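The listed protein sequences derive, respectively, from chains C and D. Sequential numbering from 11 applies to the first sequence in the numbering used here. Sequential numbering from 843 applies to the second sequence in the numbering used here.
Quick caveat, the hints were computed from the structure, so don't treat them as lab data. Misleading hints may appear alongside valid ones.
To be verified - Quick look at which bits of chain C chain D covers, simulated, 3 or more residues with Cβ under 8 Å: (1) 69-80; (2) 175-186; (3) 275-281; (4) 329-335; (5) 395-408; (6) 424-437.
Said to hold, decoys possible - Below, simulated DSSO-like cross-link-like pairs (lysine-lysine); rule was C-alpha separation at most 30 Å, straight line: (7) C:131 x C:249; (8) C:131 x D:877; (9) C:51 x D:1166; (10) C:365 x C:217; (11) C:48 x D:952; (12) C:317 x C:184; (13) C:283 x C:267; (14) C:55 x D:877; (15) C:217 x D:952; (16) D:1166 x D:885; (17) C:267 x C:217; (18) C:184 x C:399; (19) D:980 x C:62; (20) D:885 x C:131; (21) C:62 x D:947; (22) C:48 x C:131; (23) C:184 x C:314; (24) C:55 x D:947; (25) C:62 x D:877; (26) C:249 x C:317; (27) C:62 x D:1092.
Bear in mind the structure is a predicted one, so any value in this text is a computation, not a measurement. Positions of the beta carbon are idealized from the N, C-alpha and C atoms, including for glycine.
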Amino acid sequence: MDDFLAARLQMTVSFVFHIVFACIGMTMPWLMFVAELKWIKTGQKVYLNLAKAWARGVAIFFAIGAVSGTVLSFELGMLWPKFMEHAGAIIGMPFSWEGTAFFLEAIALGIFLYGRNRVNKRIHLASGLVVGIAGVLSGIFVVAANSWMNSPAGFDWVNGQAINIDPVRAMFNKSWFHQALHMTIAAFASTSFAVAGIHAYMLLRHKGNDFHRQALRIALGIGTVAAILQPFSGDFSAKKVAELQPIKLAAMESLFKTAQSASLVIGGIPNVKEEKIEYALHIPKLLSFLAHGDFNAEVEGLDKTSKENWPPVAIVHFAFQIMVFMGMLMMGAGILFLIFKFRWKENLDKRWWLKTLVLLTPAGFIAVEAGWIVTEVGRQPWIIYGIMKTRDTVTPMPGIQFSLYTITLIYILLTFLVFWLMRRQILAIHMDHQNFNTHD
Amino acid sequence: MIEILIFVLGIAVLLYVLLGGADFGAGIIELFSGKKGIDIISKAVAPVWEANHIWLILAIVILFNGFPLIFTTITTYLHIPLFIVLLGIVFRGAAFTFRYYDTIKDNSHKYYTQSFRISSLITPFFLGVNLGAIILGKLPANFDGTFYDIFVSPWFNFFTFTTGIFLTLLCGWLAAIYLIGEAHEEESYLIFAKISRTFFILLILSGLGVFVIAEMYGLHLFSRFIHSWIGIASIVVATLIIPFLWKNIKRRNCIQTRLLAGIQTACIITGWFAVQFPVMIFITDGSHLTVWNSKAPDRTIDLLVYALIVGILLILPAFAYLFKVFKFEVNRNDDISQSL
Ligand code: HDD
Ligand code: HEM
Ligand code: HEM
């Protein structure tokens, strides 16, 4: 395998792994906080148990998120030294803020996890809130760094050197807001649906169990809000991409030829050689409307750029379809939940509904991974859009495939172990809880 | 501004060596401290290891934001030993977390413990190898040469191995000092006190080894030390502290002991910074990367320093609070794992 490909794959593997923990790290503290708040308000022991159970999970995911993030911060330099040499000074700032946010998060988490009997109730609850806020902030800061790669700003590029560097303008580039917004909502949607799915599964096995019912209610409540907002924020992202990175949008939609009144393509298999898309569903004029708010607007196609500057069209296209499909499923589930909640409450305990939720457990995470592939692969061949090609920044170190294999192996192993551990935890918690019920 | 940045970088390195080091060391001395020791170590490390580890991230961020060229030079030439460090960090974090949070105590704990110890040993050793390679300064100026010349020989030699051993022992020693204060029973106190003495002697020996082997590689570390008054001062202070340290360990003044051990470590780091300054990385052809020729533009540095100041103002009180709650109330015997 050539080193460039290996480096790209290693980056992909590392991110695909890290982002799951990052999403959990941004969301779980909020679930925990809500449970804790309910415990303080109602004094019902089930909420305390819930807060404790979730806290254990958070601690595990937090640790793995931290180590995989550490790997990433080194990898930026180990795989793309020429990129970091130029970009470090420009986008280091959001990373330094992320560091601060993360620091506070770790400290507050220590207090929240271990301080229940040592600090007073208010401080304990507040520490939970700090964990949540800091988690979301660190997510937003890193995404700001990434968005700069999509919409470079805050410097002038003269003879292969960056001059007049302005880190503030770099951070608040044209892509940061839509990406940060979409990412934050994604974290909430994906994690909440996953948590809801797990508790729905437990409810299927232990009918009417109060612990899992309350857990499901909290998780699904938050997940629903996020899942309904997400397609709107996605639409906003798509409009921004149409404006800032038209080639990425063309790849997402497999739009090979620039067209007025372009139609929205759903599904299908792009045939890059013959520059057409096969077996797809076309909805006339909708793409023009979605991208530019006008049914007759012109949408730029891949033909605006020479072929060597195309991203891998098929990957971007499939990833986008998958993300949108998952988004639609989750939004559908969210809307159903609202309908049931306010109208046909009895459905909420039906087995088919719980089964649906179990099926949706991975949906959000699949969408997150797919969405990042749209963003990152869709930016290729550029590492800094329009300025620097990814290929030119790869490390001169040979034999990257070996580190790729090692990292991949370890992360697969860790994934299995984490799953296995969570299963053990959930079963153990459940046993405790049963005892607790019978003793009460 | 740049001075502040370097100062904070130094502090981050120091705190990582002290806190993160004690953390690594805890895993190392588990090998010698028996079953009692493991319990104490698990409880002592759990609430703080996450926060300890972040000093490394802080140092990295300062490097790649403030001194991008230095960051990429290190990550390019020292790719292999850094990769090993990363593997160690991943294994260690995962193993520790699993061991601590897995409520079902069965055979799997044996594996957690084993990976935790092995990675606790390997990681600081290779961190030391990386530091050694930076101190030795045999990084080639370009990529003409064999794979071995460019990517292996700068870090694969006796000097870097010695610095690796030195750092490993330092971690073990710091951990022993730290754990003395966590031991509430006579038996475990004696174990940790003994370990701290053994490690201290080995540490001094390996420290001398670093200087001797440096000469063999044509690196006149010793004369560089005595030509810098900060270098001399740090050696003198570190030596003068030794008797006080012994006395405090005997008297079981755990706070004073920790403080003195901290000062000694600070002396080592300060001494190293002093002999290196202003060069951060030595390159064989003399095109050394100094603080001055590799720093980011002023505006970047300014903003980084502001971020650090704000960050420190937020973090320090929080950190102090964390330590107050968990570390200085040493005589509180309540079991923190109860709160989970
Ligand atoms: C739960 C996860 C999730 C869901 C349901 C969706 N997305 Fe998404 N999407 C992401 C999670 C995500 C993401 C992983 O968070 C990305 C990657 C980068 C980013 O900013 O967000 C992303 C990126 C992303 C981009 C590229 C932004 C860029 O490159 O600047 C677009 C255009 C969309 N999304 C559009 C949509 C649309 C139209 C959706 C309709 C249902 C949708 N997303 C659902
Ligand atoms: C979109 C991408 C990313 C998001 C949303 C994200 C978010 C997060 C979050 C929320 C955490 C805290 C983990 C937890 O609470 O469990 C975290 C940890 C971390 N992330 Fe990421 N991250 C992203 C990408 C990156 C990248 C590109 C890097 C490095 C360059 C990185 C470096 C880190 C580090 C170092 C940590 C651990 C912090 C520490 O131990 O100090 N992350 N990330
Ligand atoms: C967590 C979410 C992210 C995911 C899932 C992700 C995914 C990917 C993927 C799939 C690639 C390979 C693209 C290709 O070569 O075809 C890539 C490349 C890269 N990403 Fe991301 N990325 C994420 C966030 C970030 C962030 C926050 C940063 C930096 C601040 C970043 C920096 C890079 C760099 C430097 C490369 C290598 C160059 C390139 O291929 O463009 N990524 N990422």
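*Hints broken by the structure, by number, lowest first?*
Of the numbered hints, 3, 4, 7, 8, 11, 14, 15, 17, 19, 27 do not hold.
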